[in-house]
Amino acid sequence: MKKTSFLKDKHVKRLVIIMVLWAVFMAITRFSKFYTVINFQTMFAQFPEFGLMSLGVMVCMITSGIDLSVVGVANTTAIASALLMRSIGGDTGTMAVFWIPILFLFAILIGTVAGALNGFLITTFDIPPILVTLGMGELFTGIGIVLTNGAAISDFPKDYAYVVNSRFAGIPVQFIIFALVAIVLAIILTKTTYGKKIMMIGTSQKAARFSGLKVNYLLIKTYIISGICAALGGMIMLANYNSARADYGTNYTLQSILIVVLGGVSPAGGRGKISGVILATILVRVLETGINRFPQISSYYISLIWGAVLLFVMVLDYFSENNIKLLKRK
Amino acid sequence: MEDYVLRAVEIEKHFSGVRALDKVTLEIKRGEIHCLAGENGCGKSTLIKVISGVYQKDGGIVEYDGESVEKLTPIDAIKRGIQVIYQDFSIFPNLTVMENLAINSELVENRKFVNWKHVREIAQQAIAKIGFKVDLDAQLGNLSVADKQMVAICRALMFNAKLIIMDEPTTALTKREVKALFKVIMELKAQGIAILFVSHKLDEVFEIADRFTIFRSGKLIATGNTEDLDDKKFSFYMTGREFDNAVFKPTNVTKDNIIQVKNLSLDGFYKNINFAVKGGEIIGITGLLDSGRTELALSLFGLKPSTSGEILIEGKETVIDSPQAAINSGIGFVPEDRLSEGLFLERSIGDNIVISEIDKLTKKGFVDKEKYEREIQRWVSELTIATPNADNAASTLSGGNQQRIVLAKWLACEPKVLILNGPTVGVDIGSKHDIHSILQKLANAGMAVIIISDDLPEVMQNCSKVVVLRDGQVAGELDTNDIQERQIIDIMM
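Taken in sequence, the protein lines are chains C and S. Each residue of the first sequence is one higher than the one before, counting from 1 in full-length UniProt numbering. Each residue of the second sequence is one higher than the one before, counting from 1 in full-length UniProt numbering.
Hints are computed from structural coordinates only; laboratory data are not their basis. Hints are not guaranteed to be accurate.
Claimed, not checked - Here are the simulated DSS-like pairs of lysine-lysine, each with C-alpha atoms no more than 27 Å apart in a straight line:
#	chain 1	residue 1	chain 2	residue 2
1	S	LYS79	S	LYS162
2	C	LYS191	S	LYS360
3	C	LYS206	S	LYS416
To be verified - To spell it out: a stretch of chain S is covered by chain C in this simulated footprint if at least three of its residues, at any positions, have a beta carbon under 8 Å from a beta carbon of chain C; those stretches are:
#	segment
4	250-259
5	327-340
From the three backbone atoms N, C-alpha and C, an ideal C-beta is built for every residue, glycine too.
So that you can see chain C by itself, here it is in the shape it has in the complex (with noise of 0.2 Å):
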């Protein structure tokens, strides 16, 4: 096991770096627009969105697989809640607080069927997980489409997005929702025969057969948790713009592999820390909003921006890790 220090970690290194010159930059330029308690609460209420479905791609890519259906099934989850809401309480009415901890179970629930048939299809078929997900994400922003007719919905109880939007001691409840996730999958992770499977799985899936883990039941798991995590992307999404629609945060899918990589999550599998995943989501929402601290910058560069950054990331990690990257071609 390594024993790295945080900071000796050279992707969480790096990703402090860009932080740091980011925030004096920041700071120089922009500071009464940018450093106010309320942009930073707005900044911890919008990033566990995306937040969420990075941490299911992250669990995803390090057992060298990936999760292209998190927006889908983010979207697919806040639509069918929403839908609940209503005919609970009418299309104006009121629903009961009860209600709103049984709505995360079904959004759960929602979250482990769609993992559940990705790691079915991926481990039964053999299919690439690229290609199921995406074909998975497909199906469920499908299924969205279809309950909505593609319209938003925004006629359901408003009690739900109250809940969520209020803040605990000056703390978004979003951002409350994606730290406990954090937490338990940090301890997963780093903790668990569970966390250390994955890994080894990520390393070489022949090995891990040959040594008798249950790479099909492991992997199922794995996709399961990342529903999971998309699915309560979908709630926060859901409370965040109070309506639900098929086609809400579609640029999050490029956005959470940008950050997951940016986190140190190796493509390969095999390797990466929530620490680095979580960074680089808090990184790419100070860099969002600080970009839209400036006006003169159209919003319509932000998709460009993430774009060439990820590009740029993959391009620098096989500089870094071209020793290890010589040493398996031989």
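Given chain C, work out where chain S should sit, using these hints.
Below, chain S alone, put in the same frame as chain C:
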């Protein structure tokens, strides 16, 4: 004066301060088969690269055909008739045989356009030289390893080679293919071409080589005629250690069978296999590559479950339909391909050792770090895995030490039956001997050990009986005390 095609005298080569070659000398006579042997890391490959112009020497003289050459590039070496066939053959799997054969001369002639008729002609000439029969339009990637090697040899011959260097050419070949290769080598010799044959397999050296040279740790240890060499000397030259190659005598054989296989069949691979192993016994299973031996091994470990028949563990019928079931019934399995099946190369030595028993190293559902580390230390010292730090990646170790990791992984699961498929393939003599003594110790501690191997000296030395497979069936079950290797080969073929 003798006629040497190549003389490399007192060659020195350093790599960032480390002396890789320490005044080594290698002389090859015209038309002889010369074997260069030595453990991994002894400098064999470095010398080959110096001879073929890949590396520049730091000292010494290299003479080709009696002419001393100071600076040499790979192209010069080819022009002087030196051809190297590397282990990966340096061929293009997605091109056809014909294209592979022609590509070098196309390059040398520096053509921009391809004259396919011309290409076919030279390709045909090349394969005719050694009487190799192959479809010129077949894609190279679809050929067997042996055929790929033949293509590489043909390509070497197209340049009027005077010396062909073959780097461990038999590693990936079956016994039958090795025979075919040796025939070709003899033919080349008859045509006056010298062969430098790199190998660390003793029996091959005796079978084919006229003379030998042995290196150890970058130094020349011995050179001479193969007639003057014997097993004992060979191992001693290679390792600097004396081995006692005594046949293993089991001392602690249990009365009852630990594992018994009854009429085991897997459609298309093997049929009606029967054998039994008692505790304290080591038995061998041997056969040609396509005899079903590997599939039988995979079945016993649940990776390719058998379609009919019974497996009894300590007298109880046991269903083994997954590796987990095998492990739970007390079966450990050291697979054939250490690098891809046995090890997680990029992960730490420690992780590799404990992965199969990790579920036992927990406290309240979480990994118990202390137990984890203790277990790793225990096995590193028990199997004397030579590493400064168990956190290092498994890829940093030599073949012998890597195999010890795989062994440790299974011993940590405390199996009753240990199945090893090719336990010492690609392992140097010293480690091979150590692994054998580990297995013998395990047997004496009461374990049932099954060695699946086509290394007959290994089988003869360790196993009390040997099951010979042919075409998926048991062709014979023999007591190794009563027979010679020859007899096993006769049954195998």
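Check each numbered hint against the structure and report the violated ones by number, ascending. Structure breaks hint 4 only.
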